[in-house]
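Novice: Here is what each chain is made of, one letter per residue.
2 protein chains.
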Amino acid sequence: MHQQKKVFKEVTIDLGKVEKELEKFLRVDDPILAQTCIYLLKAGGKRMRPGFTLLSGKFFDYNFEKLLPVAMALEIIHMATLVHDDVVDASLTRRGRPTLSAAWGNSVSVATGDFLFAKALEMIVKIDNIEVSKELAKVCIQMGRGEIQQIKSSYDVDQDFKQYLYRIKRKTALLIGLCCKLGAMVSRADKRQIWILSTYGHCLGIAFQIVDDILDITADSKILGKPIGGDIRQGIMTLPMIYALKYSPDQSRIRELLHKKNKTEGEVEEAIYLIKKSGGIEKSRKIVDLYIEKGIKNLKELPDIPSRKALIELARFVAERSY
Amino acid sequence: MHQQKKVFKEVTIDLGKVEKELEKFLRVDDPILAQTCIYLLKAGGKRMRPGFTLLSGKFFDYNFEKLLPVAMALEIIHMATLVHDDVVDASLTRRGRPTLSAAWGNSVSVATGDFLFAKALEMIVKIDNIEVSKELAKVCIQMGRGEIQQIKSSYDVDQDFKQYLYRIKRKTALLIGLCCKLGAMVSRADKRQIWILSTYGHCLGIAFQIVDDILDITADSKILGKPIGGDIRQGIMTLPMIYALKYSPDQSRIRELLHKKNKTEGEVEEAIYLIKKSGGIEKSRKIVDLYIEKGIKNLKELPDIPSRKALIELARFVAERSY
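Protein sequence lines correspond, in order, to chains D and B. The opening residue of the first sequence carries number 6 in our numbering; numbering runs sequentially from there. The opening residue of the second sequence carries number 6 in our numbering; numbering runs sequentially from there.
Chain D with its partners taken away, still in its complex shape:
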């Protein structure tokens, strides 16, 4: 986390303000919602999304008052989708702690997510910028479609790279792309500049998700904050698995293992071993590098300010992180 904090140093003070405003905005006198919202806020989210919005704004007419509600809406939408995703995927841990659904049950999680969506709507109304609202609505719809895709594709060992991309685009990349896009938009960037930052965020989001999926197989679970192999257990097909299914000499065994519901711990370990052995990790890392390169390629057209360096470092950090 330390390294990540460093790359956001251009906007550290303002990110602190975003955090305070989020706490204030999500304060509610209902005892359960108050607790679940605090639980989510204190879960140590990286606030990467507001970070991207603010950094993107730095290149142009940076106005924190205008960026703040946009950054907040984006983070709240992110929080809401995480909560519902954990219900959909039946995930038990996130960031080293039980998920809201594990700790409070699915019903409370569904309701908390709905409350957060409603708060995001309140914030969007406050922003009162039709272009911003349109972009947010569009991405929310696509995220909803991604959620369905995630369910449909679970335990589906016949998925290909294209289907995987469709899914992680909606799960992660569109929102991070939008964070950068809106940061630029409300800071009065021109069309080309908005496109450069939007593309950066999008590519970074894809890379980020692939790394996430790699770490689920390769990481140290203590550093990762959750047991590894979660995707294997939950039947979420990730890029290393897709490559292993395609190229490994053990593909029929891998197929059998990944398709099976309720795997034993031994089977999860065997799957991890076979995926690692298949070269799927290395192939996935190459895709990460391609997206990182594509994402930062056009940044050089933007003013050479510290935020540009920060965005490039962030991209490298995303590619190389171990948690």
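No lab work stands behind these hints, which were simulated from the structure alone. In this text, all values refer to a predicted model and were calculated from it rather than measured experimentally. Please note: incorrect hints may appear among the correct ones.
Any copy will do: because identical chains look the same in the list, a pair fits if it lies in one copy or spans two.
Said to hold, decoys possible - Within a straight-line C-alpha distance of at most 27 angstroms, the following computed DSSO-like cross-link-like pairs (lysine-lysine) qualify: (1) K196 with K131; (2) K174 with K29; (3) K51 with K11; (4) K299 with K51; (5) K47 with K157; (6) K174 with K196; (7) K22 with K139; (8) K143 with K71; (9) K51 with K291; (10) K157 with K29; (11) K139 with K71; (12) K265 with K231; (13) K131 with K25; (14) K22 with K47; (15) K47 with K71; (16) K131 with K71; (17) K266 with K251.
Given the coordinates of chain D, work out where chain B should sit on it, guided by the hints.
Specialist: This is chain B only, laid out in the frame that chain D set:
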């Protein structure tokens, strides 16, 4: 249903258009979402909410083009909350058919509800009326709070009338109140007129929910479209139960029954018998009548047009319906 159709006759043609536009707007090329959305649309919802919006508009400067997106947003929000409520309450049937969560599972239901919320957001953005958006956001937040309250209060035999009202206000009344309010607002009603229709909708919503709760105990399950006693089974404390718990000589047995999870069918039947015997139904009906009276009281200040008669008939229909 026949009688209800009759009271909406002032707006039948336009309601048909709302239906068509809903079908068009919720068409999506994802096969699962396409199916779940059609399933929900064909489930025979009464489209009461768009009906209220249109009828309320009739008193003033009725402009269907302006009312349509508002009516659609309201109905879609309603659909989304129904889907998530059925997850939260683990309901198995609605309107004579399996709920989406029973038929497709909780994950698909959560995702479908999220997709619908996102579509509602898209529609709200299209409306592009800050006052309308503010009202919708406010009510969505309150509905989220109601959802949590529903969970918290389940199997809680110590609830009182006030807590019950808090809950059904958020579950039902606020949205119906808003349907009338927005119908009047976008048709350029004045403040007093908006208040009259908003109050009408709110009171009708309260009455509607109490009748729903009564019917869950007294109805013929074939006419109702779902087995009776559902609230008792799911631990949802309703007004007849609250009165029975307070006034019945069998209150300790009722307490025991209602508090128990996983009741046998015999116990559900016994609870129904004891609640009926307690006089809780009659007491609840009196509250329904009070709200109906309060709701229609000020309608006489509005122009004497067929829609006024329709609203009054609708109120009586809500009070007297058997399904």
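Novice: Next, verify each hint and record whether it holds.
Specialist: Verification of the hints:
For the identical chains of this complex, K196 and K131 are neighbours both inside a copy (25 angstroms) and across copies (23 angstroms), given an alpha-carbon limit of 27 angstroms. Only between protomers do K174 and K29 lie at most 27 angstroms apart by alpha-carbon distance; the minimum there is 26 angstroms, versus 31 angstroms within a single protomer. In this assembly of identical chains, the alpha carbons of K51 and K11 lie at most 27 angstroms apart only when taken from the same copy (12 angstroms versus 56 angstroms across copies). Taking the shortest alpha-carbon separations for K299 and K51, only the intra-copy value of 24 angstroms comes in at or below 27 angstroms, while the best inter-copy value is 51 angstroms.
In this assembly of identical chains, K47 and K157 lie within 27 angstroms of each other by CA distance solely across copies; the values are 23 angstroms between and 32 angstroms within a copy. In the homo-oligomer, the alpha carbons of K174 and K196 lie at most 27 angstroms apart inside one protomer (22 angstroms), although the nearest pairing across protomers, at 46 angstroms, exceeds that limit. Taking the shortest Cα distances, K22 and K139 sit within 27 angstroms of each other both inside one copy (26 angstroms) and across copies (25 angstroms). In this homomeric assembly, K143 and K71 come within 27 angstroms of each other (Cα to Cα) both inside a single copy, at 21 angstroms, and across copies, at 22 angstroms.
Taking the shortest alpha-carbon separations for K51 and K291, only the intra-copy value of 25 angstroms comes in at or below 27 angstroms, while the best inter-copy value is 54 angstroms. Proximity of K157 and K29 under a CA criterion of 27 angstroms is satisfied inter-copy only: 24 angstroms between copies versus 37 angstroms inside one chain copy. In the homo-oligomer, the alpha carbons of K139 and K71 lie at most 27 angstroms apart both inside one protomer (17 angstroms) and across protomers (19 angstroms), since each shortest distance falls under that limit. In this assembly of identical chains, K265 and K231 lie within 27 angstroms of each other by CA distance solely inside one copy; the values are 22 angstroms within and 36 angstroms between copies.
For the homomeric pair K131 and K25, the shortest alpha-carbon distance inside one copy (18 angstroms) is at most 27 angstroms, but the shortest distance between copies (32 angstroms) is not. In the homo-oligomer, the alpha carbons of K22 and K47 lie at most 27 angstroms apart inside one protomer (15 angstroms), although the nearest pairing across protomers, at 47 angstroms, exceeds that limit. With identical chains, the CA atoms of K47 and K71 are at most 27 angstroms apart within one copy only, with a shortest distance of 25 angstroms there and 43 angstroms across copies. In this assembly of identical chains, the alpha carbons of K131 and K71 lie at most 27 angstroms apart whether taken from the same copy (11 angstroms) or from different copies (22 angstroms).
Proximity of K266 and K251 under a CA criterion of 27 angstroms is satisfied intra-copy only: 20 angstroms inside one chain copy versus 49 angstroms between copies.
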